[in-house]
Amino acid sequence: MNPTRSALLVSPPVYDTQYWAHWSLPYGLLRVAAWLQTKGYMLKLIDCMEANKRRTVPRKSRKVRKLCSTDSYTPDSWQGFSVAEDEKVEFCFGIPPEILKKQLKEIQKKAREAQESLFDIQVFPEPDEVWISSIMTYWWESTRDVITECREVFPNAVIRVGGIYPTLAPEHAMENLGLQKPLHLQGRELDPLDPEQQHRDIVVSATIPDANPLPLCLELYQEDGAGEPELEEGAPRKGLPEYTILTTSRGCPFKCSYCAANVLNEGRKVWVREYNSAYEEVKRRFQQGIKEFCFYEDNLLLGKNNFLELIRLIAEDPDLKGIKLHAPEGIEVRLLHPHVVQLMRKAGFGRFYFPLETVNANMQKKWDRTHTNMEKFFYALQNTVDTGYRLRCQDLNCFILFGLPDEDLQAVYDTVVFASSRVGSVIPMLFTPVPNTPIFENYRSYIESKGFDLQHLNGKLLPFLDYNRRKYKDLSVRDYTALESLMWRLNAKVRQESFDLGGTGRVASMFREIFVSTDRPGMRRSPLFLDTPNAEVR
Amino acid sequence: MAKIVTTQTFLSRHVRAKDQILLVNPPVEETRYNWRRWNQPLDLLKIGSWLKAHIGCGVDLFDLMQPDKKGKVAAKWLPRDRRYYSIKGDRYPVRHFGLPYQSLADRLVSMKTERSEPTQVWVTSLCSYWYESVAEVCRLVRQTLPDVPIILLGQYVRLMPKHASLACAADFVLSQPFELRSQQGAFDLYGKNQPPFWALQVEPEIAVKEIKSAVAQEIVDFTFFEEDICRENGQPLIEIYEKTRDLHERVRFHIICGLHPSRLTPALARIFVDKKFVELHFEEDDSGATLDIDSYGRARAYLQEAGLEMTTKHTSGFVWLGRPGDQMEQLILRSFQVLDAFGGLILKPFSPTPGSEEHQTHAEYLDTVLHREWTPHFFPFSELNKISRQEYHDLYRMAAFLNERVRNKAFDFLNGTLGAQMLRKSLQREVWKIEPNSLRLAS
Chain A
2 MNPTRSALLV SPPVYDTQYW AHWSLPYGLL RVAAWLQTKG YMLKLIDCME
52 ANKRRTVPRK SRKVRKLCST DSYTPDSWQG FSVAEDEKVE FCFGIPPEIL
102 KKQLKEIQKK AREAQESLFD IQVFPEPDEV WISSIMTYWW ESTRDVITEC
152 REVFPNAVIR VGGIYPTLAP EHAMENLGLQ KPLHLQGREL DPLDPEQQHR
202 DIVVSATIPD ANPLPLCLEL YQEDGAGEPE LEEGAPRKGL PEYTILTTSR
252 GCPFKCSYCA ANVLNEGRKV WVREYNSAYE EVKRRFQQGI KEFCFYEDNL
302 LLGKNNFLEL IRLIAEDPDL KGIKLHAPEG IEVRLLHPHV VQLMRKAGFG
352 RFYFPLETVN ANMQKKWDRT HTNMEKFFYA LQNTVDTGYR LRCQDLNCFI
402 LFGLPDEDLQ AVYDTVVFAS SRVGSVIPML FTPVPNTPIF ENYRSYIESK
452 GFDLQHLNGK LLPFLDYNRR KYKDLSVRDY TALESLMWRL NAKVRQESFD
502 LGGTGRVASM FREIFVSTDR PGMRRSPLFL DTPNAEVR
Chain B
15 MAKIVTTQTF LSRHVRAKDQ ILLVNPPVEE TRYNWRRWNQ PLDLLKIGSW
65 LKAHIGCGVD LFDLMQPDKK GKVAAKWLPR DRRYYSIKGD RYPVRHFGLP
115 YQSLADRLVS MKTERSEPTQ VWVTSLCSYW YESVAEVCRL VRQTLPDVPI
165 ILLGQYVRLM PKHASLACAA DFVLSQPFEL RSQQGAFDLY GKNQPPFWAL
215 QVEPEIAVKE IKSAVAQEIV DFTFFEEDIC RENGQPLIEI YEKTRDLHER
265 VRFHIICGLH PSRLTPALAR IFVDKKFVEL HFEEDDSGAT LDIDSYGRAR
315 AYLQEAGLEM TTKHTSGFVW LGRPGDQMEQ LILRSFQVLD AFGGLILKPF
365 SPTPGSEEHQ THAEYLDTVL HREWTPHFFP FSELNKISRQ EYHDLYRMAA
415 FLNERVRNKA FDFLNGTLGA QMLRKSLQRE VWKIEPNSLR LAS
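Sequences listed follow chains A and B, in order. Counting in the working numbering, the first sequence runs from 2 upward without gaps. Counting in the working numbering, the second sequence runs from 15 upward without gaps.
Keep in mind that the hints were calculated from the coordinates and are not lab data. Keep in mind that the hints are not guaranteed to be accurate.
[As the list claims (entries may be wrong)] According to the in silico footprint, chain A covers these stretches of chain B (three or more CB under 8 angstroms from chain A):
| no. | region |
| --- | --- |
| 1 | 340-350 |
| 2 | 403-410 |
| 3 | 422-429 |
| 4 | 438-445 |
Glycine is no exception: its CB is placed at the ideal position from the N, C-alpha and C atoms.
With the rest of the complex left out, here is chain A (with noise of 0.2 angstroms):
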């Protein structure tokens, strides 16, 4: 043990055209705390995206992107300015690097004064370590921004960088963000007490596989715990917060084209947190006043049996009444056995959210996803609508994936209008390539010829726009904008459902035998659609 070693962590704030903070904890940082703490270490938390009650953030403009380039630009005024359709604006959503580096600075006037001072007061000494966590690889210009802050105000601190960018990434990490002669290592050979590494910068890929069963260090939220930032108007409460995230497993047997589970997770093993511990978290936490509870997995059932234990006994526990579970991320839809869902309905599941990203096979083939296919997507819907869940009103929703190289528009919109009709809620996933997948791979010499960093492949930011041009000659940022806009549309409600484009009734039906003459030279009904270029196809 060593006792007196200190660690600060960061949550770095988010550089982004658009954020959605609803479950924006720094759950892997919160984790590393609880394992730090093992090892005896003091530690203080500054979260720069701890979210208010209304679950946002601030956000501040930063510049302006260019889709599909590198070129950004910052306007001279941000008053009155608007972009242009093949642009975006870039904010800072959290707190910015240089509110974060007065809240540094306050951590060391406070260290200090109390090092001066006569009495022992135990305050947040000057970190020995900071731990940065950096999530998506886009976002890295963050993290950056955050260890130059560190280093300015803490030189003698040597920083810890981990998360999902530095393990897809490392090398890119090691050369950008500022560290001094980094070390690599996997979280595996991670050591706080190794001399070497304590007096080293360190860029962590992958897990920490001690740190995985361990609990999230939640009480570093309290005033106590983590003291930054000041409160404002709209601020984060200093309290724990109002939900909390669970990781039950880890990794994913499948090998998708586009996705990093298994270099995250150093192979396509899964890791299974025992479930009686994740229950004793819950119950804690939930008699603690926390009532929400969502789960981040990889691929949420594929620990079906440990999965299924946990949340028995939190069905069966009376005292955990009220409790609401979400499962925004990936879900094994073929798992979705009747008996599954009704427990997870019992239990607290309100929503489903299904990764159907397309209905073309050809499609679901050229990404490799072999595991899974429309028979099992059906399969799954039926059991969760037969359970008591309903369409059209968000009970139950599908991701859908577009942006992709070489992808096939026409499959999109069919996915668009399927998910719409068949399930009500369709939720837009612009695609982004992420280093180390074999899609970014085979795209690589695009990518490269753009001269794209990690932070222009952000898929609001379109980086494969030119490239589907091949395909599609007129093809621009308007359709995908279009696209986009198309399915937020068809979300919206009335007394709680959506519309049904592919419905049976004769609203339904008029409007497509309307909608779709008005596209046909001598068919147009309505004059005034003389008059504009509606519906025309360039």
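Guided by the hints, dock chain B onto chain A, whose structure is given.
Just chain B, lined up with the frame of chain A:
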């Protein structure tokens, strides 16, 4: 049973300078009331002003529909036993919009305790199918202040005086309105707790005074309660705009009714481009059985010529839903056309005005419909039109889909994108019919 008299008669015979009159705007019980923030008792405010000026009596106001500073009106589900209203198998949840009845009871009791009770209580009314909350207010006033005369006014009692005299525990029903267009609204009756907007009429002399007075109190939002705000080629409205536009940079006009595409002029279009007009909602204009496409096209052209970008303000057109003779195909086509013209669409459910042509034409049919069920949200002509309520709800869903704003724009038919063709192709191929045993789509 209440006595039915004209307003003129009542004022001349029953109101004296020593009277203390409490004006009441009742709450509303309804399944939906999306535009409730615009419920302002302009008739009460005008008559209150007249009473003070011409009779010299004391006037007080209790507006149960007053929105808060953010424009929010309280809404609460009805008690469990009255929460749902069923019509031929369709269940509609019902809510109480506005302050609870108890707040009025408390106010009356407090007036009584302080010996400042009114000598008369005037209760206004709006839609005739909302009469039950008017009756409830009357009952409550009668119970709390049994000796105080209750006077009913407003649209419901004007259109259905006999019904009102039977349904409501009032003493007088004012069957004919009193001309009050040249009267300013007595917004001072709200005291320091002013509503977030003032309703006006297109009477330049009065409206300009009211806007000046409102702006002095930091009220900057205005709407017009008119059937035709473009009357006299829009000159009165232009005059109001020109005389008030420099009063305050944040003055905002909300054109929520009375704007007809056929009545829009180039001069009006030019003032509507000003950012002071934050929303423009066009009424539906027919030409026989179809939409008056020429007027819509012309209105849009005027707005475009004036430089209006539809995305910069909330612009939309109404489409009537539930009128007698509705044709499904026409409703959908009209929705497309209106959306195409103004970039926004609002379905407006129809209710026959008592005594109107629609009422008289379909009197026999309407006699079979309880008056409460004349609310447009219950689609009283559903059976006549052979369009089920479920189908009307589907039309709402379709409109919600079309109207959902993403990046400030409603559906534009995938205008000019590859999707325009692809979506049609998906629909033509009926891709929703994919079944587990037909997994591959024809390429």
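Checked hints:
1. 340-350: holds (count 5)
2. 403-410: holds (count 6)
3. 422-429: holds (count 6)
4. 438-445: holds (count 8)
Violated hints are absent here; each numbered hint is respected by the structure.
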